[in-house]
Amino acid sequence: MKKILLLLQIFLMTSCTVLLAQQTVIKGKVTDNTGGGLPGVNVVLKGNTSGTSTDQNGDYSLALPNGATGEQTLVFSFIGYIKQEIAIANRTVIDVKLLVDTQNLDEVVVVGYGTTAKKNLTTAISKVDPTKIPTSANNNVSELLFGRAAGLQVTQQSSQPGGNITVSIRGKGNPLLVIDGVVYPGNSMEPGNGSVEMQGVNRGGLAGLNPNDIESIEFLKDASAAIYGVSAANGVMIITTKKGKAGRMSVSYDGNRSFSRNMPYLKPLSASDYMLYFNQLSKDKYQADRNMAPFGNVPADLSGYTEKFTDEQIRNAGEGTDWLGQVLRPGSIDNHNVSVNGGTEKATYFFSGNYFNQVGSMKKSDLTRFSGRLNVNFVLSKIFRLNVNVNANRNAYSNPQAGWQTGGSGTQGFNALQAALAYPSSVPVYNADGTYSQFAITGNPVSLLDIKDKTKAQGLLANTSLDIDIIPNTLTAKLLYGNNSENSIRDFYIPITVFWGQLYKARASLAETRRQNQTMEATVSYKKSFGDWLNLDVVTGVGQYLEDFSGFSVETSDMQDAINTDNLASATGPKVIGSYRGVNKLRSFFIRSNFDFLDRYLLSLTVRRDGADKFFPDNKYQYFPSVSAGWKINNEAFMQGIPTISTLKLRASYGMTGERPGSVAYGAYGADPNAVTFNNGSAVYFPYRLTAFDNPNLRWPITKTFNAGLDFGLFKERITGSVDVFTENRTRLLSSATTQQLSIISTSPINGGHQRRKGFEFSINTENLKTKNFSWNTTLNVTHFTNRWVERFPNDPPAQYGRVNDPVGGDIIYVYQTNGILQAGQEVPAWQPASASKPGNPIFVDNNGDGKLDFNDVKSYSGIPKAIVGFGNNFTYGKFDLSVFFYGQYGAWGNDFTTLWGDPVSLLSSNQSGTERIKDAWSTSNPDGTLPGAAYNEGAIALDAGLDTRLVKRDFLRCRNITLGYTINSGGLTKYVKSLRVFADVQNAFILTGFKGVDPEIQASSIKGGPAPYPMVRTVSLGLRANF
Amino acid sequence: MKKIIIAGIVAASLTVTSCEKNFDPVLTGVLSPANFPKTEADFKLYTLQAYKPFGSKWGYSDVEYQNMFFSPEYGHLAMFDLPTDQMNVFTEWGGFWEFFSKGDFTFLRTQGKQSHFEKVRYVTRMTQVIADIEKATISDAAKNKFIAEARMGRAWTMYYLLHMYGPVPVILDAAKINTNAESDLTRPSRETYVSMIAADLNFAAENLELSPSEYGRFNKGLALGMLTRLYLNEKKWAEAEKAARATIALGKYSLVSDYAGLFRESTEVNTETIWAVNCDPVAPTNGEGGGNFNAMALYCLPNDFKSIKLGGGWANPSGVFCPTWAFYDTFDPADKRRNLLIPTYTDKAGKVRNRTNMRGPVLRKYPDESSPGADVQGNDMPVLRYADVLLMLAESINQLSGPTAEAIALVNEVRTKHGGVAVLPATATASKAAFNDAILRERGFEFYFEGVRKIDLVRHGKWASALEAAGKVNHGPSELFPLPQYVINVGEGKIEQTAGY
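Those sequence lines, one after another, are chains A and B.
For the first sequence, UniProt numbering assigns the number 1 to the initial residue and increments by one for each residue that follows.
For the second sequence, UniProt numbering assigns the number 1 to the initial residue and increments by one for each residue that follows.
The reader is advised that the hints may include incorrect statements.
Said to hold, decoys possible - With a straight-line cut-off of 20 Å between C-alpha atoms, the simulated SDA-like cross-links for lysine to any residue are: (1) Lys309(B) x Lys127(A); (2) Lys113(B) x Ala799(A); (3) Lys127(A) x Glu512(A); (4) Lys283(A) x Glu92(B).
Keep in mind that the hints were calculated from the coordinates and are not lab data.
A quick note: this is a predicted structure, and the numbers were derived from the prediction, not measured.
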């Protein structure tokens, strides 16, 4: 690093050396197309390496040796403007007007601590322009990102209002999030609801940010992230918000209304089918349990068996209650945005306000948000500029009664949507006396909607920065302070009138979480052109990053419904109180130098040194260097004769990034949350026990990333695109790993393991047709990656059937294969497990043909898609515009746990009904059934791996948006409105998939009884955007 | 300009160097090893972890969410009473209830780290606690008392693990902690393992108080009684006899005359119960911060059984723990101990239920008499009673010397006092074998639903045959649990799977 500093100094000194030879002085003013003076423009005698630059007013003066003024040429250059060469022709005053390089302007890319022209990029950075994406039905920035850039994996985990959408770069997990230079927590902050094992909430981060306020989103996918060192192992997502522009005040209004309908959901059994299949399967179970024929050798004897439902009952039952209809409904969204922007030379401003109100497609599930943003920029003096950004937001959620129970409870822990699937259609909603009906130990689905579950979240993101123009456009400094503070309160109450957890009991929980993230940074940047041969761009800085978080919760029971959480002191039940607090500190130094030689050879060097307080002194700090280089082949002389190729750039990068340590290297004794009590509970102790050993050797994990890419443009950029290949090695991972089996502490932070991620990505944009009235553009991106272990953590060997280099984590599924259902009288294969040898069990496959079933027969399937695709087409015809956008994935496997609703064992527990999948279960009455029957009990077989009976492909292609717009920007109306666009958008118009569960993207956990994820919705929006 | 740059760089470098200062870790909510544990009060809190597995709550978080030895689910009653001839098979909830009630433990092979096996880490932890106390600068009296509690917890945990998995690898030498010895999962020989438990129990018996000031703490009688159980199950009859006599010699205990009262809140503290899980009548069932609770009424009463306080239990058509009619019928109808099994009742809908439409009698050993409002009961759960010591002594004597008058008198004392029935018939005491069988039968009447039946059957070599006789023909290959597969995977080939799996 010292060398780099030295190099920097050398460059600086060189630049300060002014040629002393003199004589003729040429003066002039450089202006932009508005006529204003343009400061910082390089003025150089062609062929020379040095010259001068314009001052604050755009004036310059350049001394040249006598005689040079005749035939020589001056070169005027400035980033973002078209370079001009002007012959001196013996003039002493030369004024120049530089024109904006529009192509360049469009392609400025935000990188860590600065921006760069896309053509000069040496790393893999994807940019998403949110203004080109429909936002009507979307409250979260993440919703804009599905399929929009190569290398992105964006997955909708939950479709509830504000539902969790995971955004990952090349499958790496949550990227570091930086908004206007301030580190922002990427995950949601959801307080719990105490010990009630009912958790419908699955929300993502970024909830406080209005998608309409976003100017651009950049993804730093490779070593470009190294400038962020720590926490950048998963790449960086940089969000830049809209700023004010000098000029007339411009007001815009964007408003729309959306209507949403649930996509096809799981289909519950009708009342008569429930009775019929219950009878059929329970008879089988009765016989199988007693080893009666055809399940065993005992002669069939049904004398002790009575059918639960008579034929007449079955005949008369009909469809029965539509329980799903009782808890689901059509949804809607109202979304209104107003923004005002404008300013003078001394101050510019951008203000926006947003109201977003979503009525969820499940009853009692809503989201209301207010957010406001103010960005102001003051020019205090020639030297100082002050920026202030403030974003305030308030989100109020009514949390859905969907999802699944969080603990080990069974049907007694079901939420309303689970209960709607569990209640047989033969049960009416109300008893004859008007009270809620009740089936088995599950609460009535409609009554469960009376549970109050509300979350209120507030956030304030404020950052202030002072820009100091020490030398305009050359040497600048910046001081930044950013603070994001959020709090969230969860208010949960089960009224005494609601039967849940086998009790009628008033239960309440009130929990609050708070967090604060501070970013303090000081940076100095230096930009200089050295004639034609070198453009230098250096930025260096220091930073301190602080996060603190805390929480408080109270859980209690037995109070008046009318008072509930408003006065917890009135509760007579035991009060369980919890609180916590944590602080993390990071400190950093960083520097980046970009060298652009001869507009052909690009070199970028970065170093970051990060320190974390949680390590021991010797291991607190870690260097994260990177190097990247590019070759602009199209600027080479030999390419000039090939006009077809307008852009051709080869680039490569290599660098190191780290991961914010979640672990602490210091030993500790903590209070056990589990009380030890004596005297029948009147003597209460919380024992203190060792929770962690000192771990002085613990240090930063290191991720080493290599990326090589090619950017191309053909036919005057009508076809542009990029190809990237990458390899990433995560080494000495820092994780809370399993300790040795007899260790006191079960998991301990440890550096170990090695994972390797490899892949490629490809993106292309084409202008297929362009006539006066009609245009058609196509965009396509494809991403592929794998992520495998190279070396495992000690004490965590792969399972017997696994290999050391299997895919990482949950990305792999191990199963025993099955092939059909064992029929009555069919010969049982020798390797069939003893407890699965009765008819109706799946037939196991002895893969290796050794005549026995063991781990050698297990097959593995990857959960990572082979390809992730985004594909869009945009058409304009006159004032009409139409865009159709698809995204999808291919080649990923998964377990569909909604099939648990089709398990005969669950149906026969008499605690729940099931879905129509039951109809495919094998039984003596349905020997053609393709799914396991009543004699099958997966748990009883106790295999070391699962079965392939739930294994499904998760391939899909989803039509995310079809948007049709019409823009009016001429004619009589423009007297009142500068421009007006009316549009209609269909979000999630359709999906092409073979997946039979709720949705191939949405999470559904393996849980007792079965999960009931929030249904996916199709949304139609109508809206208008007016600019005044 | 150059100056500014250089000044900037110097300033930046200074800031970097200053980064090294003032950068201590911020640790919140924990105590540092630098200053804990030091005082006697510290060690009192530190030693209390010994009690952690010996409660009755849903469980606690260590590794994963683990059950306690006396938890309502996967606790001593589920492990040692459900998989016996006395209880019906319960299939309604599927999963582990069904498998335990069938006596098939095969499914535990795929169990994760919520397995009781993870309590081997607790054993190491107690070894560390003992070593820390030994090094402490507190009074010797306090040291011995704390060490005795830690060793009692360690020994009892090892005893239960023995009856689940057979001998398991343990670390009893603190010098091995944090060394590779923690990866050596070789099972010790049964003899070694048992002698280690015995050494701990002997120390505990010597140093624990006879009557600790806080009810629920480990006591001398518990240590001696557990020593008796240990030796009895190992068929070390002489040692068992000696330990039993030592327990009796404490002079503290005697049989109560009201058997039912042993399980009721008002009389739960009595002259007979040596150690019980002390339960809090108003314990919260959420979180882990409250006292122990007795949830057995919820697991024993059928859903339609209107009881004193509860409107029914959780399961239907029978309770999860539902004795067989066959077991019910083996009682002498006059036996008062049978009164805790309810053969007939009127359900909430007014329908009369009796053995024509009941799977088995309703088990109501713990009546739900706590104050209204609580979901669970405060009835303490006896884990070791004086009656057990007497019957164990009788069994040891019989094994050593046949049915002596003393041995017969011991059984008859329990039988007449608790059951209110006549002394054993002559046929039952005619021979060593007959008396041995009679003792097993008597233990069944006396200790049903107290977490000892399976261990008794195994000692008498009758577990499998008794299950089959009770119709549980699909029981598993062993009375012991299989080791979870993950243990085998990390065992580097040193640990052997339980025989039969």
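Here is what the structure says about each hint:
no. : hint                  : verdict
1   : Lys309(B) x Lys127(A) : violated, 66 Å
2   : Lys113(B) x Ala799(A) : holds, 14 Å
3   : Lys127(A) x Glu512(A) : violated, 36 Å
4   : Lys283(A) x Glu92(B)  : holds, 15 Å
Violated hints for the displayed structure, listed by number in ascending order: 1, 3.
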